[in-house]
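*Asks:* Quick note: the sequence shown uses full-length UniProt numbering, first residue 1, plus one each step.
Just to be clear, a hint being listed does not mean it is correct.
[To be verified] Quick list of in silico lysine to aspartate or glutamate cross-link-like pairs, EDC-like style, CA-CA up to 16 angstroms:
| no. | residue 1 | residue 2 |
| --- | --- | --- |
| 1 | Lys480 | Asp375 |
| 2 | Lys669 | Glu633 |
| 3 | Lys669 | Glu657 |
| 4 | Lys480 | Asp379 |
| 5 | Lys480 | Asp377 |
| 6 | Lys480 | Glu413 |
| 7 | Lys669 | Asp653 |
| 8 | Lys669 | Glu655 |
Rather than coming from a laboratory, the hints here were simulated on the basis of the structure.
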Amino acid sequence: MLQPLLHDLVSTVMAPASALSDADGQIRQAGVQGLFCADRRVLSQARLLVDGREPESIGYAPGAAGQARFVSLARWLGDRTIDPTVRIERSRELSPFGMGEQVEIVSTAASPVTATVTVELACDFAAVEAVKSGRSGTPVPAGAAGDGRLTWHADTTQVTVTGHGAHATAGDGACLRWEVSLPPRGRATLRWELAVEDSAVVVVPPAATLEWSQPHVTADDRRVSRLLDQSLEDLRSLRLAEPAEPGDTFLAAGAPWFLTLFGRDSIWAARMLLPLGTRLAAGTLRVLARRQGRRLDPDSGEAPGKIMHELRRDAFDLNDKGGRLPAAYYGTIDATPLWISLLHDAWRWGLPDSEVRALLPNLQAALGWLADHADPDGDGFLEYIDSSGRGLANQGWKDSGDSVRFHDGRQAEPPIALAEVQGYAHQAALHGAALLDAFDLPGADRWRDYAGALAERFRAAFWVDGPQGPFPALALDRDKRPVNSLTSNIGHLLGTGLLSREESARVAGLLASPGMAEGFGLRTMSSEEGGFSPLSYHCGSVWPHDTAIVIAGLAREGFDEQATTLAEGLLAAAESFGYRLPELFAGDAREQMGRPVAYPASCRPQAWSAAAAVVIAHAATGLYPDVPAGRVELRPLSGAPLGALTAGLRVADAEVEVRVGHDGTATVKGLPPGVRLEEAVTPSSPRP
Numbered sequence: 001m002l003q004p005l006l007h008d009l010v011s012t013v014m015a016p017a018s019a020l021s022d023a024d025g026q027i028r029q030a031g032v033q034g035l036f037c038a039d040r041r042v043l044s045q046a047r048l049l050v051d052g053r054e055p056e057s058i059g060y061a062p063g064a065a066g067q068a069r070f071v072s073l074a075r076w077l078g079d080r081t082i083d084p085t086v087r088i089e090r091s092r093e094l095s096p097f098g099m100g101e102q103v104e105i106v107s108t109a110a111s112p113v114t115a116t117v118t119v120e121l122a123c124d125f126a127a128v129e130a131v132k133s134g135r136s137g138t139p140v141p142a143g144a145a146g147d148g149r150l151t152w153h154a155d156t157t158q159v160t161v162t163g164h165g166a167h168a169t170a171g172d173g174a175c176l177r178w179e180v181s182l183p184p185r186g187r188a189t190l191r192w193e194l195a196v197e198d199s200a201v202v203v204v205p206p207a208a209t210l211e212w213s214q215p216h217v218t219a220d221d222r223r224v225s226r227l228l229d230q231s232l233e234d235l236r237s238l239r240l241a242e243p244a245e246p247g248d249t250f251l252a253a254g255a256p257w258f259l260t261l262f263g264r265d266s267i268w269a270a271r272m273l274l275p276l277g278t279r280l281a282a283g284t285l286r287v288l289a290r291r292q293g294r295r296l297d298p299d300s301g302e303a304p305g306k307i308m309h310e311l312r313r314d315a316f317d318l319n320d321k322g323g324r325l326p327a328a329y330y331g332t333i334d335a336t337p338l339w340i341s342l343l344h345d346a347w348r349w350g351l352p353d354s355e356v357r358a359l360l361p362n363l364q365a366a367l368g369w370l371a372d373h374a375d376p377d378g379d380g381f382l383e384y385i386d387s388s389g390r391g392l393a394n395q396g397w398k399d400s401g402d403s404v405r406f407h408d409g410r411q412a413e414p415p416i417a418l419a420e421v422q423g424y425a426h427q428a429a430l431h432g433a434a435l436l437d438a439f440d441l442p443g444a445d446r447w448r449d450y451a452g453a454l455a456e457r458f459r460a461a462f463w464v465d466g467p468q469g470p471f472p473a474l475a476l477d478r479d480k481r482p483v484n485s486l487t488s489n490i491g492h493l494l495g496t497g498l499l500s501r502e503e504s505a506r507v508a509g510l511l512a513s514p515g516m517a518e519g520f521g522l523r524t525m526s527s528e529e530g531g532f533s534p535l536s537y538h539c540g541s542v543w544p545h546d547t548a549i550v551i552a553g554l555a556r557e558g559f560d561e562q563a564t565t566l567a568e569g570l571l572a573a574a575e576s577f578g579y580r581l582p583e584l585f586a587g588d589a590r591e592q593m594g595r596p597v598a599y600p601a602s603c604r605p606q607a608w609s610a611a612a613a614v615v616i617a618h619a620a621t622g623l624y625p626d627v628p629a630g631r632v633e634l635r636p637l638s639g640a641p642l643g644a645l646t647a648g649l650r651v652a653d654a655e656v657e658v659r660v661g662h663d664g665t666a667t668v669k670g671l672p673p674g675v676r677l678e679e680a681v682t683p684s685s686p687r688p
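Turn these sequences into a full structure, and let the hints steer you where they fit.
*Replies:* Okay, structure coming up:
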């Protein structure tokens, strides 16, 4: 069956709940529409009728986190004039385990108005993966629980709907009904609420207050602040915690399919938000540390020291071909080195030593996985293969089954050693060494030697020749042949230290070439490759987080022109998408379409897509702290490409203001005690 489309639906989220409706506010029994909570659809229909008819929609607007407002007309009511005189305003607000709607019937008619308002309701308790696969559940009859109340039950879950002042009809045709009488120019307010009780949830809303500061960014390019404002509201709606430790917050990957803990996604989102504080990073690190692998299990992919990939309430069916992930799944090759680098970067941004020290045993375990389990065939590269036959075939961030392709379009056979993963491992080794040294633990020299040897092996095995000259291959396949397609993966190598300055310059130039960057951001695969398609999930589309990671690497290494080109592409895309960047969008050229085309199954909001806004603002300011060393470096993108900009960031829990002038000069105020501003690094060496 085909996966239902998402791009034209309105998504309202307050994790772990998300509602998807048509643009008129109606939740219809079709596709992915419904209210989901903790991987179950707890409402499959909420259809508003006035006198048995659907009002005519005239618009909607998103509100703050978890809110949306829909406006429609009942033109058959009221005065018989050209102008409509009866308006329906439907306000939706989600809570982590529920949803409420307020329906206002507003009349400007000169005569009284009477109407019957009903909300038709249904619940099928479908698992989120079933809905993702195009299937649905069997509707469950509603039971009555008193005046205006309806209930649905399924094993550990109970759903209760209360219509204030409504008459409730139970059974298969469940509905709430109100009789409304309005005087001339009158108004009536109706309200109904849904509450979910579920004893089997594995994620809950956090108990902590918001973990990041509001950056108060102003810029000549107003798209920057508009994107940041919307993105931070979306990120606020994606906050989650585990039931046993509600004080440790992490970000869910995205709605509707991924409102849970995802190692890679949650790590990257926390890393991108470090300029706004370290609390989110600390929570994410601790949550994943508690679930760090302890044993070898080929079914789940678990291994000692390994950081997990995905957490669900139940086993997750991938498809109808037998793919099935256990509830706690470890099938990721990159989450473990990324966890190490998040710990290091949070330390550099000012995470207290006491919190870092508590995680040092987990750091040593993660380094142990890197040494003992990440390279099963002993060739010196990190690689993966799904030995269970039921898990993910590809276990990097491009995890679709067809994402690793040669220049001619052929798919590579596993085991696969991805280019960017070698960069992550190189950086993690250096970051781990720095932490071991700083906290007087042994082994740092071993990991510096590891990084140096890995760089040499990579240089010998991965570089290939292409139409535009040499470049790093996407991967090595099972026969150790370079998978010779030009992709965005190589952009993740920037800033990891794996490449020489000359190699980085080569990569930067290729990333800015038309085949990669002529759209709205960075294509996942060059348009000159045999596997390219602008609507391929990982072979030609644009992912905002992918582009943002590359922007950060380019800026860190001093390739300002290329970083600016990609940042401008994302800002242009954000404008077209109402400043809520989706998970991905089509990789069409700007000249061809003029505006980005939606990828129809893309999730919104998505944590790392929203966090891309912080990356753009941070790269523009060029603030690079090393709190343990007592210094901070400042080098904004040259030429002030976004115009004058002021950003309030956070270093070691201190509010720091960075001002970038029209001429590209920058100043910083509010540095914490013991941290001083140093001369900017030169473009000849990576920034810290």
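*Asks:* Of all the hints given earlier, name the ones this structure violates by number, lowest first.
*Replies:* none
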